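Visitor: Here is what each chain is made of, one letter per residue.
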Amino acid sequence: MIDIGLLIKSLPQLLKGASVSIQIAALSCSIGLTLGTIFGLIQSGKNKLLKFLVGIYVTLFRGTPMLIQLTFAFFVLPELGISIPAFWTAVIAIGLNSAAYVSQIIRSGIKAVSKGQLEAAQVLGLSKFQATRYILLPQAIRTVVPALGNEFITLVKDSSLASVITVVELTKEGSRIVSTTYDALTIYTGVALIYLIMTSTLSFVMGKIEQRMSQHVKN
Amino acid sequence: MLKIENVSKKFNEKVVLDNFSLLVDKGEVAVLLGPSGVGKSTILRVLNNLETIDSGNIFYNNKEIDIKSINKNHLIGMVFQLFNLFEHLTVEQNITLALEKVMNKSKKNARKIALELLTHYGLADKKEKFISQLSGGQKQRLAIARALAIKPQILCMDEPTSSLDPLLTTHVANNIQELADEGYLILVATHDTDLLEKLNCTIYLMDKGKIIESATSIEFFKNKETYPLINKFVSGTID
Chain A
1 MIDIGLLIKS LPQLLKGASV SIQIAALSCS IGLTLGTIFG LIQSGKNKLL
51 KFLVGIYVTL FRGTPMLIQL TFAFFVLPEL GISIPAFWTA VIAIGLNSAA
101 YVSQIIRSGI KAVSKGQLEA AQVLGLSKFQ ATRYILLPQA IRTVVPALGN
151 EFITLVKDSS LASVITVVEL TKEGSRIVST TYDALTIYTG VALIYLIMTS
201 TLSFVMGKIE QRMSQHVKN
Chain B
1 MLKIENVSKK FNEKVVLDNF SLLVDKGEVA VLLGPSGVGK STILRVLNNL
51 ETIDSGNIFY NNKEIDIKSI NKNHLIGMVF QLFNLFEHLT VEQNITLALE
101 KVMNKSKKNA RKIALELLTH YGLADKKEKF ISQLSGGQKQ RLAIARALAI
151 KPQILCMDEP TSSLDPLLTT HVANNIQELA DEGYLILVAT HDTDLLEKLN
201 CTIYLMDKGK IIESATSIEF FKNKETYPLI NKFVSGTID
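Which chain is which? The protein sequence lines are A and B, in order.
In terms of the working numbering, the first sequence has 48 at position 48, counting the first letter as 1, and numbering is strictly consecutive.
In terms of the working numbering, the second sequence has 231 at position 231, counting the first letter as 1, and numbering is strictly consecutive.
It cannot be assumed that every hint is accurate.
To give a feel for the contact side, a few chain A residues facing chain B, derived at Cβ under 8 Å [stated by the list, open to error]:
{"#": "1", "residue": "Q117"}
{"#": "2", "residue": "E119"}
{"#": "3", "residue": "A120"}
{"#": "4", "residue": "V123"}
{"#": "5", "residue": "L124"}
{"#": "6", "residue": "L126"}
{"#": "7", "residue": "K128"}
{"#": "8", "residue": "Q130"}
{"#": "9", "residue": "Q139"}
{"#": "10", "residue": "P146"}
{"#": "11", "residue": "A147"}
{"#": "12", "residue": "H216"}
In case anyone wonders, no lab produced these hints; they're calculated from the structure.
Please read all numbers here as calculations on a predicted model, not as lab measurements.
Where a beta carbon is used, it is the ideal one built from N, C-alpha and C, also for glycine.
Using the sequences plus the hints, can you model the full thing?
Guide: The following block contains the structure:
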């Protein structure tokens, strides 16, 4: 049976862990979105060398498990003389992984923007950068908001992997409490519920953003 | 005066413009007439730097134009067949974008210019609407207003009436005529023969990338038999 008393008692510690999870997710999301957008633009562009390099990046990060990427960054990089705190290792590794997926989402969004939109921008005198900034990206991102929402939700859940490289986030806090209370059912139910609340809130927010961004197609 | 001299273009091995030459004066409406695939739209796209040419020269007021810098100079404007209005922006923003970002007008000034244009084209009450909330005729007028906002001297219109009913075609014809009267040099690519009857223009019938017959619309409708090729196309006669 779930021990409600223990759950309430453990809540402050779990919420402290949840706040770390949120920080990891938010920071890696920023990295993923920024790099992913740049990579998506490169892959939609004409520079063959850059396209090739981004292609290799995407293959590497999509083709290997995130857990391996995290442990590689945590255990192998220090051997090469690169030492980063565990929290930032998690943020960077998850962010870089997310960038690979976001780049493909952005690329599909760019593909969906009709060529005529950029031609109209060119005829009006907008530079390539201005056309990308004011026409291409706003339209591409609007198309892929649902897919980006899914990616961000995945990111929140993936932040739990940071626990394997000693980052004390929600999952790690949960396992710490279990190691002293031996009540896995109560604590992991609480942990799961907090993840569910976080992802549901994010899902709600993304739904609102999607609604707001698609107001131009309302009649 | 716009002078297009011996412009040629191939897409792979297909010749789309074959030593195409044309002379259009200020205040004149030149209608490039012909079926699909004869190169009407291509010449408009060439003038707007949307296609490159293999050979030939283009002059405006006896000065050769560097097509690559034509968009920055705002010499030319284009109304696309499918309008290509920016779907994510409001009606007003479709006009103010280039004014603010390209012509460096202040937000206030850009909105003032946009409002004047929208009022002129009967769209002032739609300024906050999005493109999906406009009818075909309203989109057409907005596309014209957007093209005029950058104050071009030449206006190209690609199939401006292809998706409009006869009443709206008359409205567009009136708009074109009004612009010509204001001094704009206008090039229209169309296969809509109804539009010809409503315009005071010069008709240039095209085939295989070049002009094969020309006549002013007044001359043509006065004496159709003198212009057998245009007459054949307008009447839809099959050999």
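Visitor: With reference to the structure, classify each hint as holding or not holding.
Guide: Hint check results:
1. Hint status for A/Q117: holds, given a least beta-carbon distance of 6 Å to chain B, under 8 Å.
2. Among the interface hints, the one on A/E119 holds; its C-beta lies about 6 Å from the nearest C-beta in chain B, closer than the 8 Å criterion.
3. Interface hint at A/A120: satisfied, since its Cβ lies 4 Å from the closest Cβ of chain B, which is below the 8 Å cut-off.
4. At about 5 Å, the closest approach between the beta carbon of A/V123 and any beta carbon in chain B falls short of 8 Å, and the interface hint on this residue holds.
5. With a least beta-carbon distance of about 4 Å to chain B, the hint placing A/L124 at the interface is held under the 8 Å criterion.
6. The interface hint given for A/L126 is met, as the beta carbon of that residue sits about 6 Å from the closest beta carbon of chain B, less than 8 Å.
7. With a cut of 8 Å, the hint placing A/K128 at the interface with chain B is violated, because the nearest CB-to-CB distance is about 11 Å.
8. The criterion of a C-beta within 8 Å of any C-beta in chain B is met by A/Q130, whose closest approach is roughly 5 Å, and the hint holds.
9. Interface restraint check: A/Q139 against chain B, minimum CB-CB distance 5 Å, threshold 8 Å, status holds.
10. At a threshold of 8 Å, the smallest CB-CB gap from A/P146 to chain B is about 16 Å, leaving the interface hint violated.
11. Annotation: interface hint on A/A147 violated; nearest CB of chain B at approximately 17 Å, more than 8 Å.
12. The beta carbon of A/H216 comes within 4 Å of a beta carbon in chain B, closer than 8 Å, and the hint placing it at the interface holds.
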